[in-house]
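Q: Add chain B to chain A, keeping to what the hints say.
There are 2 protein chains.
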Amino acid sequence: MRRLIHLPLSPFCRKIRLVLEEKGLDYRLVTEKVWLRRPQFLAVNPAGTVPVFIDDDGTRVCDSLAIGEYLEERYADPPLMPVTAADKAEVRRLVYWFDLKFHQEVTANLLYEKVNKRLMGTGTPDSQAIRAGLDNIKYHLEYIGWLVDRRNWLAGEAMTLADLAAAAHLSTLDYIGNVPWDRFPPARDWYQRLKSRKSFRPLLADAVPGIPPPAHYADLDF
Amino acid sequence: MRRLIHLPLSPFCRKIRLVLEEKGLDYRLVTEKVWLRRPQFLAVNPAGTVPVFIDDDGTRVCDSLAIGEYLEERYADPPLMPVTAADKAEVRRLVYWFDLKFHQEVTANLLYEKVNKRLMGTGTPDSQAIRAGLDNIKYHLEYIGWLVDRRNWLAGEAMTLADLAAAAHLSTLDYIGNVPWDRFPPARDWYQRLKSRKSFRPLLADAVPGIPPPAHYADLDF
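Residue numbers (the UniProt record's numbering), protein chains in the order written: chain A, 1 to 222; chain B, 1 to 222.
The shape of chain A in the complex, shown without the other chains (with noise of 0.2 Å):
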């Protein structure tokens, strides 16, 4: 049985637990508490992050990036990249778009410091980088909303990767009820088509002990 080696709020992983349900694969979601380092886990990931893919063969796969790639090539149906190499430029910008910039530009001050550092026990939330997390998160959504204004999806006519990346990190602040969605039709347009997706129902169901979503986190019409 293939194997997922995540944690429930990380990104990343989101990512990878979509790209696995649009392929309908199966797979046994395994939680690792990357603060705590263990040694077993930093041999299997010496740079001691999640996600990491074990394939039914034991191929073992780190890093969400390698892990998209690799799945994308191994289990080509349904795509979720387009054909040509410009083609793919354009989902790969995007993904690394959302997973560095808008990582570190809003969901790192956000969710790290609302809910990592709770969890990890790492200090207290640091009320400036809340303060730049919101302000940031506005001008990625009117980003999202430029792009889905000249294509059906983020990266062109179809669904990809990109829209995968994207909704992976806004799923997790919408779980933290800091996403804004009043103020941006157009990116909540968007996300609503993804989060009524089959391959979405897995995260609306995802439930962190002592950390409940707010309402209208799991409502398709929220």
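Among the hints, a few may not be true.
The list treats identical chains as interchangeable, and a pair is accepted whether it falls inside one copy or across any two copies.
Cut-off 27 Å, straight-line C-alpha distance, at most; resulting in silico cross-link-like pairs (DSS-like, lysine-lysine) [unchecked claim]: (1) K117 x K33; (2) K117 x K101; (3) K114 x K33; (4) K23 x K138.
In case anyone wonders, no lab produced these hints; they're calculated from the structure.
A: Just chain B, lined up with the frame of chain A:
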């Protein structure tokens, strides 16, 4: 003519220059002072980062990770990626290791503190960051040595994008004399093999005005 919009000491740009050289592709370098945030450049790449690659058919690719994948797909020969999905995953894991982890733990603490702040006029180097960078680099050089002790190159028997990504970072730190090669002979031997390649020559000829490299920088027998 292909163009690479770049900065001479950006490790991400250097990685792509190495790829272009290894693949024997002609291209022209165009320097972009990204910190000026010129509107014309932001229209080309809204992330405001270099490298940006413009292919001979006008295809524009932003983000060094996306450019690396694009070039591999569009100009497959000679290959810088292995054949199987699992082997590619190991190359990608290491590319991300250097472009994300090493970058954050070492390059940002040393190069950005010492050089970028000066070029951009954004203050004086933070001595605490520099100390952290000098400390962190040891553990990465150790890891390189550990890998090449088990494999011919970082990701396996053939030289790949992983070696170029790692060498690109180290070449920028070598430019500012911050790599303790003497204490890590296996990493030094590996770097020497890369530095001796024809693809490396343009990097060794770089000279940033006001920031001369140390004497050993271009020396193949360092």
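Q: A separate judgement is required for each hint: does it hold in the structure or not?
A: Here is what the structure says about each hint:
1. K117 x K33: Within one copy only: 13 Å inside, 36 Å across.
2. K117 x K101: both (21 Å within a copy, 20 Å between copies)
3. K114 x K33: within (17 Å within a copy, 36 Å between copies)
4. K23 x K138: neither (31 Å within a copy, 41 Å between copies)
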